[in-house]
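Following the hints, position chain B with the ligands against chain A.
Listed below are the residues making up each chain.
2 protein chains.
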Amino acid sequence: MDTINSIGYPIYFNDSLAELAAFIERGNYSKFFVLTDEHTGKFCLPVLQKYLGEDAKYDLIEISSGEENKTIDFCVGIWKMLIDFGADRNSLLVNLGGGVISDMGGFAASTYKRGIDFVHVPTTLLSQVDASVGGKTGVDLDSIKNIIGTFAQPKAVFMEHSFISTLPPRQILSGLAEMLKHGLIADAEYWNELKMSDLKSPSAGLVYQSVNIKNDVVIEDPKEKGIRKALNFGHTIGHAVETYSLEHDENPLTHGEAIAIGMICESWLSHKRTGLSIEELNEIVEVFSGLYPRYTIEASCHGELYSLMQKDKKNHGSKINCSLISSIGRHAIDNICTEAELCSSLQYYSSLA
Amino acid sequence: MDTINSIGYPIYFNDSLAELAAFIERGNYSKFFVLTDEHTGKFCLPVLQKYLGEDAKYDLIEISSGEENKTIDFCVGIWKMLIDFGADRNSLLVNLGGGVISDMGGFAASTYKRGIDFVHVPTTLLSQVDASVGGKTGVDLDSIKNIIGTFAQPKAVFMEHSFISTLPPRQILSGLAEMLKHGLIADAEYWNELKMSDLKSPSAGLVYQSVNIKNDVVIEDPKEKGIRKALNFGHTIGHAVETYSLEHDENPLTHGEAIAIGMICESWLSHKRTGLSIEELNEIVEVFSGLYPRYTIEASCHGELYSLMQKDKKNHGSKINCSLISSIGRHAIDNICTEAELCSSLQYYSSLA
Ligand SMILES: NC(=O)c1ccc[n+]([C@@H]2O[C@H](COP(=O)([O-])OP(=O)(O)OC[C@H]3O[C@@H](n4cnc5c(N)ncnc54)[C@H](O)[C@@H]3O)[C@@H](O)[C@H]2O)c1
Ligand SMILES: NC(=O)c1ccc[n+]([C@@H]2O[C@H](COP(=O)([O-])OP(=O)(O)OC[C@H]3O[C@@H](n4cnc5c(N)ncnc54)[C@H](O)[C@@H]3O)[C@@H](O)[C@H]2O)c1
Ligand SMILES: [Zn+2]
Ligand SMILES: [Zn+2]
Numbered sequence: 001m002d003t004i005n006s007i008g009y010p011i012y013f014n015d016s017l018a019e020l021a022a023f024i025e026r027g028n029y030s031k032f033f034v035l036t037d038e039h040t041g042k043f044c045l046p047v048l049q050k051y052l053g054e055d056a057k058y059d060l061i062e063i064s065s066g067e068e069n070k071t072i073d074f075c076v077g078i079w080k081m082l083i084d085f086g087a088d089r090n091s092l093l094v095n096l097g098g099g100v101i102s103d104m105g106g107f108a109a110s111t112y113k114r115g116i117d118f119v120h121v122p123t124t125l126l127s128q129v130d131a132s133v134g135g136k137t138g139v140d141l142d143s144i145k146n147i148i149g150t151f152a153q154p155k156a157v158f159m160e161h162s163f164i165s166t167l168p169p170r171q172i173l174s175g176l177a178e179m180l181k182h183g184l185i186a187d188a189e190y191w192n193e194l195k196m197s198d199l200k201s202p203s204a205g206l207v208y209q210s211v212n213i214k215n216d217v218v219i220e221d222p223k224e225k226g227i228r229k230a231l232n233f234g235h236t237i238g239h240a241v242e243t244y245s246l247e248h249d250e251n252p253l254t255h256g257e258a259i260a261i262g263m264i265c266e267s268w269l270s271h272k273r274t275g276l277s278i279e280e281l282n283e284i285v286e287v288f289s290g291l292y293p294r295y296t297i298e299a300s301c302h303g304e305l306y307s308l309m310q311k312d313k314k315n316h317g318s319k320i321n322c323s324l325i326s327s328i329g330r331h332a333i334d335n336i337c338t339e340a341e342l343c344s345s346l347q348y349y350s351s352l353a
Numbered sequence: 001m002d003t004i005n006s007i008g009y010p011i012y013f014n015d016s017l018a019e020l021a022a023f024i025e026r027g028n029y030s031k032f033f034v035l036t037d038e039h040t041g042k043f044c045l046p047v048l049q050k051y052l053g054e055d056a057k058y059d060l061i062e063i064s065s066g067e068e069n070k071t072i073d074f075c076v077g078i079w080k081m082l083i084d085f086g087a088d089r090n091s092l093l094v095n096l097g098g099g100v101i102s103d104m105g106g107f108a109a110s111t112y113k114r115g116i117d118f119v120h121v122p123t124t125l126l127s128q129v130d131a132s133v134g135g136k137t138g139v140d141l142d143s144i145k146n147i148i149g150t151f152a153q154p155k156a157v158f159m160e161h162s163f164i165s166t167l168p169p170r171q172i173l174s175g176l177a178e179m180l181k182h183g184l185i186a187d188a189e190y191w192n193e194l195k196m197s198d199l200k201s202p203s204a205g206l207v208y209q210s211v212n213i214k215n216d217v218v219i220e221d222p223k224e225k226g227i228r229k230a231l232n233f234g235h236t237i238g239h240a241v242e243t244y245s246l247e248h249d250e251n252p253l254t255h256g257e258a259i260a261i262g263m264i265c266e267s268w269l270s271h272k273r274t275g276l277s278i279e280e281l282n283e284i285v286e287v288f289s290g291l292y293p294r295y296t297i298e299a300s301c302h303g304e305l306y307s308l309m310q311k312d313k314k315n316h317g318s319k320i321n322c323s324l325i326s327s328i329g330r331h332a333i334d335n336i337c338t339e340a341e342l343c344s345s346l347q348y349y350s351s352l353a
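Keeping their order, the protein sequence lines are chains A and B.
Here UniProt numbering is used: position 195 in the first sequence is 195, and no number is missing along the way.
Here UniProt numbering is used: position 138 in the second sequence is 138, and no number is missing along the way.
With the rest of the complex left out, here is chain A:
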């Protein structure tokens, strides 16, 4: 698998941890820091350590795992540790973890002393195919996802497929939702290939294809002025459902589970608004329903979900802008949807057997 060129930086796939060790060596950094959570500290850091060498000198910053910790408060904690450890402008932050680590670590690094170098070593399927590519960083505030953040590119991304082997099945499914999305918005053939694959453990080749699709989109539109919005398919409703679940459920939905729901709803909207055929709608629903558990959304919650959608970053004023598809493999951005349409799509989801 060739190294992919992203927005001014490489994404390594072959021998990626050896590449990381070489990158750090070459970089001549005054210090480096590794950001982990307790899971990646346990499963991934020992592997990384082997490549860095047992006597590698770095400071470890470990945070508690979970989206509920991707907040400005935790970010302040990271900044304070960087200060205490004496991080200077010539320091490097290595984000070893899932999307929570890369989003928050990327934000912390891009604002510490007005920006220090950082790299991502994504350890979840979701962060490999999505969060680590494209230069969006962010933290949540008042339960609004990624409301505070920057566009900031890492110096490199190191994809280590073997890290995925310790992921719980739910986390695999979470990343898979984004891979399916990549097929739906940009590549019907890839969608068909995915459907036929062993989706319990997606191959390195499939991961590579997903990264390629996402990367092509973000290179064309780094700041999300146009085409990049296509990647938000499923996310207008999905983000609202995710936030709702985080606030109300003891065992909240993963990002992928939430956007799988969002993609079902927004496929229905695509059928109503942008010409997605009923056959393709049914096919999409069948694939997602076969993979993801059903989630109960009472009609009484539609109001709360709608007001969460209104707070979404991507909207202009109070209008809700959805990225839909016109057929499998073809995106259709910039559809202003009404409250009635959005609630009907939630009803459609709830009506499925």
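Incorrect hints may have been included.
Any copy will do: because identical chains look the same in the list, a pair fits if it lies in one copy or spans two.
As the list claims (entries may be wrong) - Below 25 Å or equal to it, Euclidean Cα-Cα: the simulated DMTMM-like pairs (lysine to aspartate or glutamate) are:
#: 1; residue 1: K50; residue 2: E250
#: 2; residue 1: K223; residue 2: D117
#: 3; residue 1: K225; residue 2: D187
#: 4; residue 1: K319; residue 2: D84
#: 5; residue 1: K80; residue 2: E247
#: 6; residue 1: K31; residue 2: D117
#: 7; residue 1: K272; residue 2: E339
#: 8; residue 1: K319; residue 2: D59
#: 9; residue 1: K31; residue 2: E339
#: 10; residue 1: K155; residue 2: D221
#: 11; residue 1: K311; residue 2: E62
#: 12; residue 1: K225; residue 2: E25
Please keep in mind that the hints were generated in silico from the structure rather than gathered at the bench.
Computed from a predicted model, the values in this text were never measured in an experiment.
Below, chain B with the ligands alone, put in the same frame as chain A:
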């Protein structure tokens, strides 16, 4: 006075508030917000309001004045108000105030939803000749100045010289220190002109020249990799003294008062290290001593001041990097100074009559 072109944006001097009104009109923003503190809310907002028209619709965000409020906590307050007021990606933030307002407002805007437009209307002499030019934003954390921030350019800057008329004399002197610095590092003629002027109320023409000098430097080196460091003359020691004073004094030094002390110390270092003549050193000391009150720095505080210098953003590792001058009008960057040298320079300051 011609409009100055900065890093991709204009700095208006003539009829600047009318220009601002026209800018907002043209910009077709979904909403706009004005950030003030209680002083600029009282002295400057009514003037602005006249140009915007009495029925201009905007939301006001007013914070308490003072460097002690330029913190991440206050910034969270601004973000929350933007959320509550429904600021979307197509919103504009107008920073109406001194450097505290432009630094914190610029940071808040550049990270809200990964960046919304902002403009500066600097209302202090210091913010006109310095803080509003160059695209540095920042807030303090744990009393470390500007440790968190971004490089982010405003869409425009509007210089209204008349705002300066309500400034207390100490605030005039604070900005004047930066103007004198511009002469010292880049333009001996300007330094001489300043010396001869009525420094109680610097003319619009002098302000314009200072902006021009600073702008030329930042255009050449926006990210402070080289020549821009020249602007830090007086600031290695000055920032430490400023932070020290903020922590210990009931009526702390202004930024300019602190860097005036820093410039005396660093002129002495320049004499020792980079060839500044004794005559020019004495001339510099005389000018600053004539303008700024003496500040007592006990030898017992040198340790604390030195450790504050070590936390300075501009250092690599534990080495302290000073921007000095080789003569009046000529900068000399990248001088690693020892603790002994830095403390001697503080002693020199204290030894002055
Ligand atoms: N920046 C972007 O473009 C972008 C795109 C998509 C998602 N995101 C963000 O990513 C986040 C979700 O990412 P995520 O699902 O990776 O979340 P995550 O970082 O919370 O990881 C999920 C769980 O897996 C654990 N884990 C990570 N690696 C592991 C491994 N190798 N073995 C065992 N356990 C492991 C984590 O500790 C965590 O408990 C969200 O905050 C979302 O907003 C960002
Ligand atoms: N970003 C940069 O490049 C840069 C450069 C230099 C300084 N700074 C920052 O700027 C800050 C200092 O700037 P400052 O001195 O303008 O501080 P400031 O904003 O605190 O203003 C000083 C005082 O003057 C008051 N004031 C403002 N305008 C007034 C007016 N027209 N009439 C009467 N009172 C008025 C303010 O309310 C405040 O009390 C520091 O935080 C410093 O770090 C930033
Ligand atoms: Zn997603
Ligand atoms: Zn200054």
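Checklist entry - Checked against the structure, which of the hints given earlier come out wrong? => result Number 1 only.
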